[in-house]
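Q: Produce the complete structure using the sequences and hints provided.
Residue numbers (my numbering): 1 to 172.
Be careful, since some hints might not be right.
Said to hold, decoys possible - Below, in silico cross-link-like pairs of lysine-lysine (BS3-like), each with a Cα-Cα straight-line distance of 27 Å or less: (1) Lys83 x Lys121; (2) Lys108 x Lys121; (3) Lys108 x Lys83; (4) Lys83 x Lys126; (5) Lys108 x Lys126.
Stated by the list, open to error - Using C-beta positions, here's what the derived DEER-type ranges look like: (6) Pro39 x Ser112: 38 to 44 Å; (7) Gln164 x Asp81: 17 to 23 Å; (8) Tyr165 x Ile41: 30 to 36 Å; (9) Asp73 x Glu111: 19 to 25 Å; (10) Ser115 x Ile170: 28 to 34 Å; (11) Pro134 x Asp110: 17 to 23 Å; (12) Val74 x Leu119: 17 to 23 Å; (13) Asp73 x Pro171: 31 to 37 Å; (14) Ile170 x Met96: 15 to 21 Å; (15) Gly59 x Glu111: 32 to 38 Å; (16) Leu42 x Pro94: 17 to 23 Å.
Worth flagging that the hints you see were computed from the coordinates, not collected in a lab.
Note that the Cβ used here is the ideal one computed from N, Cα and C, for glycine as well.
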Amino acid sequence: SLASAFIDTGMLEIKFQGRDRVQNFGQSIDSVYYQIASPEILNRFSSPSGLASIMIPPGALDTERGVILMEYDVDESEDRDSKWQISNEVYISPDMYGLNVPSTIEFKVDESIVSDYDLWKIQIFKRINDEWFPLSTDYNNGTAIAQTYELGYFAVFINLDAEQYEMNYIPY
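A: In structure tokens, the structure reads:
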């Protein structure tokens, strides 16, 4: 597992370089944030740029667990139908890892992008098997908040199909 390769917590920059058989060169530089989540305390971790954070409450985990946060740029090639991605994608590993109680995910949202839309149309989505699903989201003053029982891939979308509802927030 990727988490077992870390010897300390914090921010890590990964630089991957490669050359193909005809000597073309390419590289990729990514930042990851690695932390140890404890089952006994409130754990709060942020993505590398500070775009998103997750709060994992006491009791959500059975044992101590390594958590990795990474960000991926928005895929601009996606069709804009009734929903479209407006934030980078944040990966909170391990993907699909189940929690005993819900964690709270928070995204900072550029208000200039969403100012023409109803607040309930700004939603955090979770990616499952390359398909995006909306989470019950509360949006206010540039911050989108949702809760989830699983770690994985998350992003903020404008969802024109969303209907007004009241989020059932489960406090810690």
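Q: Hints first: check each against the structure and report whether it holds.
A: Taking the hints in turn, this is what the structure says about them:
1. Between Lys83 and Lys121 the CA atoms are separated by roughly 9 Å; this keeps the pair inside 27 Å, and the hint holds.
2. Taking the CA atoms of Lys108 and Lys121, the gap is near 15 Å; set against the 27 Å cutoff, the hint holds.
3. Distance restraint check for Lys108 and Lys83: the Cα-Cα separation of roughly 18 Å lies within the 27 Å cut-off, and the hinted pair is therefore satisfied.
4. Straight-line distance between C-alpha atoms of Lys83 and Lys126 comes to about 13 Å, which keeps the hinted pair within the 27 Å bound.
5. For the hint pairing Lys108 with Lys126, the CA-to-CA distance comes to about 16 Å; that is within 27 Å, so the pair holds.
6. Hint check: Pro39 to Ser112, Cβ distance near 40 Å, so the stated range 38 to 44 Å holds.
7. Range check, Gln164 to Asp81: Cβ separation about 20 Å, and the 17 to 23 Å hint holds.
8. For Tyr165 paired with Ile41, a C-beta distance near 32 Å keeps the hint of 30 to 36 Å intact.
9. Our hint of 19 to 25 Å for Asp73 and Glu111 holds, since their Cβ atoms are close to 20 Å apart.
10. Against the hinted window of 28 to 34 Å, the Cβ-Cβ separation of Ser115 and Ile170 comes to about 30 Å, which satisfies the hint.
11. Between Pro134 and Asp110 the beta carbon distance is about 19 Å. The supplied range of 17 to 23 Å therefore holds.
12. Our hint of 17 to 23 Å for Val74 and Leu119 holds, since their Cβ atoms are close to 21 Å apart.
13. For Asp73 and Pro171, the hinted distance range of 31 to 37 Å is satisfied, since their beta carbons lie about 34 Å from each other.
14. Separated by about 20 Å at the C-beta atoms, Ile170 and Met96 satisfy the suggested range of 15 to 21 Å.
15. With their beta carbons about 34 Å apart, Gly59 and Glu111 fall inside the hinted range of 32 to 38 Å.
16. Distance hint check: the CB atoms of Leu42 and Pro94 are about 20 Å apart, consistent with the given range 17 to 23 Å.
Of the numbered hints stated above, none is contradicted by the structure.
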